[in-house]
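Chains as they are written, first to last, in the numbering used here: chain A, 1 to 163; chain B, 1 to 163; chain C, 1 to 163.
Think of the hints as simulated: they come from the structure by calculation, not from any bench. Everything numeric in this text was worked out from a predicted model, so none of it was measured. Among the clues, some could well be false.
Chain copies aren't distinguished; within one or between two, either way the pair holds.
[To be verified] When the alpha-carbon atoms are kept at most 20 Å apart in a straight line, the in silico PhoX-like pairs for lysine-lysine are as follows:
#  : residue 1 : residue 2
1  : K134      : K67
2  : K8        : K158
3  : K79       : K67
4  : K101      : K61
5  : K54       : K78
6  : K62       : K101
7  : K62       : K100
8  : K120      : K134
9  : K79       : K134
10 : K59       : K96
11 : K61       : K8
12 : K134      : K61
13 : K134      : K59
14 : K101      : K120
15 : K79       : K8
16 : K79       : K158
17 : K67       : K100
18 : K62       : K134
19 : K158      : K134
20 : K101      : K78
21 : K158      : K54
22 : K101      : K67
23 : K62       : K8
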Amino acid sequence: MMGHESQKEKTTIVLFSGDLDKAIAAFIIANGAAAYDHDVTIFFTFWGLNTMRKDEVVKVKKGFLEKMFGWMMPRGAKKLGLSKMNMLGMGPEMIKHVMKKHNALTLPQLIELAQDQGVKLVACTMTMDLLGLKQEELIDGMEYAGVAAYLGDATQAKVNLFI
Amino acid sequence: MMGHESQKEKTTIVLFSGDLDKAIAAFIIANGAAAYDHDVTIFFTFWGLNTMRKDEVVKVKKGFLEKMFGWMMPRGAKKLGLSKMNMLGMGPEMIKHVMKKHNALTLPQLIELAQDQGVKLVACTMTMDLLGLKQEELIDGMEYAGVAAYLGDATQAKVNLFI
Amino acid sequence: MMGHESQKEKTTIVLFSGDLDKAIAAFIIANGAAAYDHDVTIFFTFWGLNTMRKDEVVKVKKGFLEKMFGWMMPRGAKKLGLSKMNMLGMGPEMIKHVMKKHNALTLPQLIELAQDQGVKLVACTMTMDLLGLKQEELIDGMEYAGVAAYLGDATQAKVNLFI
């Protein structure tokens, strides 16, 4: 590592999946790494972007297919399904219930903690174009970049995960 | 790497998935790395924990939701489904059949080999709490830890996979 | 790194998934890394091998189960489904449509670009045996190897992803 660069450990996660359970795993690892003083980047691409959508409807101009994607994809962290045992939405409620019972942080709380800890949350601009997602539709405080920026971070990191 | 630490290459795998095919891939990589004298850790979290359940019913005290999770989740390596082409359980049988035909190790054999080779098998205690899994329900010889222990291993490893 | 070895950054991707969206993500990352002059390897295993099947039927001798796998699995990059919102094949068409609209490269074009950039495309011989896939059925220019070759590349790389 060069002298003028941060000596901190670096960790990157590509969050490709839009599943609640995988998003929770990604944010638990990210928050853990940030607590150990790593520089952490989560790069949201494809369905992973849904995790960061605002839960209210944001009025933006879109083409027909982009509108369809917008309608069909879950609007934000509270709406995600499970990768397994989704059972028409009963699975996510069960998981949320046991997380509450065990005082585990919910996904929205995990996202807030990540922002408080300075985890860099980057939305993949290429996927946003494809799916027709606009910056106004994602939660505040995100960065916007492409695969080059991801690779720049990842080549300086030891822990690079694709989730 | 510090002088007092092992000079061995390190490899870590987070096994999040409870799919037979992904568990087989994880254990083939882990056993390969161990054969090349890497220190290998598999960290089992979420559905990945099902891979390590004993196949007999173990009597433990549980709450209602924990019991439901226990009933609904596959009990051990022999009961897992496929991520693709599961076809109501026909897919796993087809895979097992061709593996036998080609003298490939079964998942239970791959797990045994991993234990023989000293692969560190770590169950995520946070997920165990959430899903209500008890240590008595998992196969013997596992370690129990959280995300901090995983990150400790991962930051010393070059190959870190999330499966 | 030893003096006689390449000083280039190295990146490896295990493509386990046979989903169109995940294959696109894998090739975008691989092509990005190659554009930044990394040595890049994609190791195709399990359903990921379907990405590299020729789209015409290739006559090869197979046993019954191998023939069934051959029939049931998608034949090549143009036939893959989505990991989410597949909707009986409507999802992939929507994605292809918006990719065309945005002048994004299609998966077959991304594969061609990867070959032009010298990305090493390696088919997992063990999975080929299991699923009964023959070298003649995969696109030209691939290499054939096992987990040992993958680990050899991965231990020299900083970015190692399992997709």
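To see whether the hints hold, each was checked on the structure:
no., hint, in the structure
1, K134 with K67, "within (11 Å within a copy, 43 Å between copies)"
2, K8 with K158, "both (11 Å within a copy, 16 Å between copies)"
3, K79 with K67, "within (18 Å within a copy, 25 Å between copies)"
4, K101 with K61, "between (42 Å within a copy, 17 Å between copies)"
5, K54 with K78, "within (10 Å within a copy, 34 Å between copies)"
6, K62 with K101, "between (41 Å within a copy, 13 Å between copies)"
7, K62 with K100, "between (37 Å within a copy, 17 Å between copies)"
8, K120 with K134, "within (19 Å within a copy, 36 Å between copies)"
9, K79 with K134, "within (19 Å within a copy, 30 Å between copies)"
10, K59 with K96, "neither (29 Å within a copy, 25 Å between copies)"
11, K61 with K8, "neither (42 Å within a copy, 44 Å between copies)"
12, K134 with K61, "within (9 Å within a copy, 49 Å between copies)"
13, K134 with K59, "within (10 Å within a copy, 48 Å between copies)"
14, K101 with K120, "neither (30 Å within a copy, 30 Å between copies)"
15, K79 with K8, "neither (35 Å within a copy, 43 Å between copies)"
16, K79 with K158, "neither (32 Å within a copy, 34 Å between copies)"
17, K67 with K100, "between (34 Å within a copy, 17 Å between copies)"
18, K62 with K134, "within (9 Å within a copy, 46 Å between copies)"
19, K158 with K134, "neither (32 Å within a copy, 32 Å between copies)"
20, K101 with K78, "within (17 Å within a copy, 31 Å between copies)"
21, K158 with K54, "neither (32 Å within a copy, 34 Å between copies)"
22, K101 with K67, "between (37 Å within a copy, 15 Å between copies)"
23, K62 with K8, "neither (41 Å within a copy, 42 Å between copies)"
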